[in-house]
Amino acid sequence: MNADVSLSQGLAKDDPTLRAKIEDFLYLEADLLDEWRIEEWFALFAEGATYEVPPTGDDKEADPATSLFYIADDYVRLRERVVRLTKKEAHSEFPRSQQRHMISNVRITAMTAGVADVTCNFITYRAKRGVVDTYYGKHLYRIDCAASPWKIKSKRSVLGMDMLYPGKLTIII
Amino acid sequence: MTTKQSATRSALIGIAAALAVLGTAFLIWQKVGPRAVTVAAGKFPEELVYARSSDDIVNAGALFTSKASPKPLAVIWIHGWGTNFYSPTYAMIGRALAARGYTTISGNTRMHDLGNGHAVIEYASPWGRPVARWVPSMGEDKREHLEALRNELIKRFGEQRGTRIAEFSRNMLIFPNLVINDIMAITVRTFYPDAANRMTVSAWALGARDEDHELRKLRLFNFLEFLGPGGFATPDDQEALENCQRGYRNQREAAWNDISKGMPRVGPPKNDDEEQMRSFWRQWRQRMAGAA
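In order, the protein sequence lines correspond to chains R and X. If you count the first sequence from 1, position 39 lands on 39 in the numbering used here, and the numbers rise without skipping. If you count the second sequence from 1, position 72 lands on 72 in the numbering used here, and the numbers rise without skipping.
Any given hint could be a false lead.
Unchecked claim - Footprint (simulated), chain R over chain X, 3 or more residues, beta carbon under 8 Å:
id : region
1  : 205 to 218
2  : 223 to 231
Said to hold, decoys possible - Chain R regions said to be covered by chain X (calculated; three or more residues, Cβ under 8 Å):
id : region
3  : 76 to 84
4  : 90 to 103
5  : 160 to 172
These are calculated hints, taken from the structure and not from any lab test. Think of the CB as a built atom: it goes at the ideal place given N, C-alpha and C, for glycine as much as any other residue.
So that you can see chain R by itself, here it is in the shape it has in the complex (with noise of 0.2 Å):
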């Protein structure tokens, strides 16, 4: 990789602190949904970002504007989902279900201009009322590394599963 191209801030596809930081990041964003701090995790996001989960079984490329996602929020419907998850009449998370996110495999696949793209598995637990939910998938990120502090600028969760077995989503993943 031409190094050249991809430096931004000093940090490089290639650099070797550049996955430590991004998962210091990525913890920080588990971390900020686990402790229900969701304002705080949607100050994570630049203006004009995306949050989407595909449909199951559809592929990677699959486009909101020809399929029907389980989420595909712009920045303001994103902006109106946290604000309802605030509201006790957003029911199915009043009273609060408890979570824990998990993130591993951790990659840079792309670094263009400071903007890294990466991707990382995840398993997503949420308990209410003695029922446990289990997401998991791959996040693919876009992540703008030349802001200050970074910003997320999409964020796309790809379910594993090859169905939505709790048949809610009520919750980020």
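Dock chain X against chain R, hints included.
Only chain X this time, still in chain R's reference frame:
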């Protein structure tokens, strides 16, 4: 186009509880027993008419215009529950009055049973409808296209029916487990109880053949705002159902389910009365008794 969303529910329900989630409400009246009637054709102009109540319920009726020595008196006939303006008896009364010189309009009381446990409500709604109802949140750039679609509907089906297709929303139950909600998008649902504590719900989104790319995008975006496992409403309905199911575990101590809301009401039921659930179980009982 059809797109399938599968959702298997972790802990659910009896069918009565499932009905609670089918949109906001379906009003089902007990089926009126069939009778043999001979219907004669009308001699004067007849047309279907629609009215919208102050709380935005659309209702249908029939207008029988008298051409034979019309009298300076018209009859407005709004009948009670359990029948329809188009049932033979009421149509014949309208025709008989028209023949005697009385222009007659006959209408239903708000929502109506479609018979055999099927039911529908129709209402004006605040949301946009990708079929042909533009609202500002869709963006100014979509306005012209949606208005063209609306004009096309009116050209094809006439002012009245075209407007109905474009403007009004419908939640329909086909007894016992098919639901067609023509709301901010069209969604078709089936629900199958797999076990006493488990139910599988499948939902499909319908769109028009040869749909314009931008409109498909808009329709799918519109769908997700409210509907589906990650929507802003459907999961909360599920939560309510799961909580009902938790309550039903108590059935050894309390072997009944209180669905009496709205029972003493005089006049048409309201959307949030529980008439739809009582009616569902009446139909269920009738069928089970017939099978026994």
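Whether chain R covers the region 223 to 231 of chain X (at least 3 residues having a Cβ closer than 8 Å to its Cβ atoms): Since 6 is at least three, the answer is holds.
Verdict on chain R covering the region 205 to 218 of chain X, criterion of 3 CB contacts below 8 Å: This one holds; 4 residues, not fewer than the three required, reach chain R with a Cβ under 8 Å.
Stated coverage of the region 90 to 103 of chain R by chain X [criterion: 3+ residues, CB within 8 Å]: Contact hint for the region 90 to 103 of chain R vs chain X: holds, 3 residues under 8 Å.
Within 8 Å of chain X's CB atoms, at least three CB atoms from the region 160 to 172 of chain R: coverage verdict: Held - the region 160 to 172 of chain R has 8 residues with a Cβ nearer than 8 Å to chain X, which meets the minimum of three.
Outcome, coverage of the region 76 to 84 of chain R by chain X - at least 3 residues whose beta-carbon is closer than 8 Å to one in that chain: holds (count 4)
Every hint from the earlier list agrees with this structure, and none is contradicted.
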